[in-house]
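Student: Below, each chain spelled out in residue letters.
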Amino acid sequence: MTELKSGSNLEKVLAAGHFAFTGECGPPKGANVEHLKEKLSHLKGNVDAVNMTDNQTAVVRMSSIAGSALMIEEGLEPNFQMVCRDRNRLAMMSDILGAYALGIRNMLCLSGDHQTFGNHPDAKNVHDIDSMQLIAMVKKMRDEGKFLNDEDIDVPPKMFIGAAANPFADPYEYRVYRLANKIEAGADFIQTQCIFNMEKFRDFMKKTVDMGLHEKCYILAGVTPMKNAGMANFMSKFVPGMDIPDSLIKRLKGVDKKDQAEEGIKFALEQVEEFKEMEGVAGVHMMAIEWEHMVPEIAKRANVLPRPVV
Amino acid sequence: MIVADRKSLDEILAMVEGDKKILLVGCKGCVTVCNTGGLKEVEILASSMKIARKKAGKEIDIDTHVLERQCDREYVEQISETVNDYDAVISMACGVGPQFLSEAYKEQKFYPAVNTTFFGGATEHGVWEERCAGCGTCGIHNFGGLCPIARCAKSLLHGPCGGSSNGNCEINKDTECIWDSIVRKKMEQGQLEDLLGVKGAKSWKTARDGGPRRSIREELVQGNI
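Chains A and B, in that order, give the protein sequences. Residue 201 in our numbering sits at position 201 of the first sequence; the count goes up by one each step and never skips. Residue 1185 in our numbering sits at position 185 of the second sequence; the count goes up by one each step and never skips.
Treat the hints as calculated values from the structure; they're not laboratory data. All clues given are correct.
When the alpha-carbon atoms are kept at most 25 Å apart in a straight line, the in silico SDA-like pairs for lysine to any residue are as follows: (1) B/Lys-1199 with A/Pro-156; (2) B/Lys-1205 with A/Ser-94; (3) B/Lys-1199 with A/Leu-148; (4) A/Lys-44 with A/Arg-307; (5) A/Lys-12 with A/Glu-277; (6) B/Lys-1186 with A/Tyr-172; (7) B/Lys-1185 with B/Thr-1123; (8) B/Lys-1173 with A/Asp-246; (9) B/Lys-1199 with A/His-214; (10) A/Lys-207 with B/Leu-1196; (11) A/Lys-207 with B/Ser-1165; (12) A/Lys-29 with A/Ala-66; (13) B/Lys-1173 with A/Phe-117; (14) B/Lys-1028 with B/Ile-1044; (15) B/Lys-1202 with A/Asp-128; (16) B/Lys-1199 with A/Pro-157; (17) A/Lys-266 with A/Gly-241; (18) A/Lys-124 with B/Ala-1207; (19) B/Lys-1186 with B/Thr-1175; (20) B/Lys-1173 with A/Ala-123; (21) B/Lys-1173 with A/Thr-57; (22) B/Lys-1106 with B/Glu-1074; (23) B/Lys-1020 with B/Gly-1095.
Predicted model, so just to flag it, every value in this text is computed and none were measured.
Just need the whole structure built from these sequences, with the hints factored in.
Tutor: Structure, rendered in structure tokens:
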């Protein structure tokens, strides 16, 4: 095994060749620590790391750095998300140092949803650097021990660097090159956008494997279980970058309303089974949006328990 | 050119509510080209204000004047003899105009009748689009001649983001995803490799972030040219 870059649990699980299983948790819209702890309690022991989102969909929430620190107190490993929308390079580097000092070892580098989607659409956005440059910056801080301006860092932050990939955005032909670019910039692992169009994802992974990208980076396939046909419809129409085939909406609508959640979980479980066998896929990122309490059951039925201890 | 949109009549009337004798000053520069603050638009606004005041039973006395350019002191001086005869002056130039006027005539009140929006051009009759963000370090040749700083909602240098769909930006289906166009152009030209690799963080020092900007041409200052 090569030398670990961060020593995070997620890195160790992946480096040991296990099929990773990560979760996600949005911080509260307030300082409600008890609510956050309650949500996290469902994830404990069922996933290798939990993404702590950073003002997702541009809606103000508790900071991802504070949420991540609280998660560590609860005995879970955070994957600290950072978007380029809200911070300039000074704030980013400062928060990366702070995150590392608080025990955070994984981070996911993102552009961030545009503020027009959120609850402060009149805000000014930053985008001093973009997600590609953020990845490269975290790598420089970790591997060279230097800030962006080449000054030395006194105790560099050793982060396991994550990035996102959306195979379903356009232009499709370019997506695999963009992925390659993120890996070149320094991404150690990738978490994909929620996958619903399996046919397209199979093709994307084939291209990824053909380029040998899966050997340079761990790719975690994004899964979101649908709660009902209405959620599928909504996501299809209003969430940017989503590709939800009519066949899935039809499948959910094909069962009684009370059984739609179970049908959504069944589809997610079928996906997990296929990902376990799919060349180039190193794990699953389970995004059970505001459905954290279902994760124990999903993890159990997906046969990913117990999680490896490495 | 600089593109601007006229403010609503109500907003303009509210700004000068207490003023009776008003001078409306247009500009023959960019705002004439984008049909916002030239001779024609000055006369239209003057008429509209007269009608509105008459309807409201309020007195108004409006004169109009169109300067060659409001961003040039030489032309701004042309109203020096009359400018202080008015209760207020409304400028129909871009944001530069009322500032040059305010700097030249410290006793007078100047109001902007337009909202300055962007640097751009007309893509069809009656439609103007943004093309430049004035960042001070032009690199459009690196992006197939299309500027992602001005035209990508996130100013990405490594796009397109995950919200690009059917050539449209995630913020609005009527907004072009410029990164879609950049990538397609480069693919067609077989020059995709130009977009790969990681570009260093951009210096924003030459943009507005470096503070108010000033351009000095020594040869002109010294009077050699």
